[in-house]
Amino acid sequence: AQSVAQPEDQVNVAEGNPLTVKCTYSVSGNPYLFWYVQYPNRGLQFLLKYITGDNLVKGSYGFEAEFNKSQTSFHLKKPSALVSDSALYFCAVRDMGTSGTYKYIFGTGTRLKVLA
Amino acid sequence: DTEVTQTPKHLVMGMTNKKSLKCEQHMGHRAMYWYKQKAKKPPELMFVYSYEKLSINESVPSRFSPECPNSSLLNLHLHALQPEDSALYLCASSQGPPEAFFGQGTRLTVV
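From first to last, the protein sequence lines are chains A and B. Each residue of the first sequence is one higher than the one before, counting from 1 in our numbering. Each residue of the second sequence is one higher than the one before, counting from 1001 in our numbering.
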């Protein structure tokens, strides 16, 4: 089965500094990887995805992610953090269930705090 | 329109009540999902419907009963819930683009 891991429960960064939120994956075959963000008491908002092709993926709100096959990582990055980026971030992988239907498996989440 | 709409936003119910959560999407997606999320935890998959048929049931207790009346609607019927079932219930849909689109969730409190 596919899985993703987020090694950090929380990341603190000063406003204006670059941020990185880490994710590693364990999949068989080619991975379909995603980043989602969740604000308090809200649903998940899609940020970006890696399917194939360029290892640097650009997404919403200035976020990007780097796919690294040799390190099995898919870290989320942003060159300059904003206080409004403070939220809960989930890495996810799409897996095929036994019935042939796709399902989405989430990492444990990383709370990002951007300090003014 | 990339919206998944969930109603109600908040629900408080007693342990003997029967209630339903609703989810609607008009993106033509043929896969729809129910997830349960406890505070500060990742979403956990409950059910997947594919082409209006139940495709995945992640061993969810029978007090949760999903229903997919048509390709745009997904319901979750609740009966005799326990306080530990209090959580944020998220609906999602997908097809075509590989990402799933999530609704804003229903915050359920069982008293």
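There could be a bad hint or two in this list.
[What the hints assert, rightly or not] Computed cross-link-like contacts, DSSO-like style, restricted to lysine-lysine with a CA-CA straight-line distance of at most 27 Å:
no. : chain 1 : residue 1 : chain 2 : residue 2
1   : B       : Lys1053   : A       : Lys22
2   : A       : Lys49     : B       : Lys1041
3   : A       : Lys113    : A       : Lys22
4   : A       : Lys22     : B       : Lys1040
5   : A       : Lys113    : B       : Lys1036
6   : B       : Lys1038   : A       : Lys113
7   : A       : Lys49     : B       : Lys1040
8   : A       : Lys22     : A       : Lys58
9   : B       : Lys1036   : A       : Lys49
Simulated from the structure, these hints should not be mistaken for lab results.
Quick one: which hint numbers does this structure break? Sort them smallest to largest. 1
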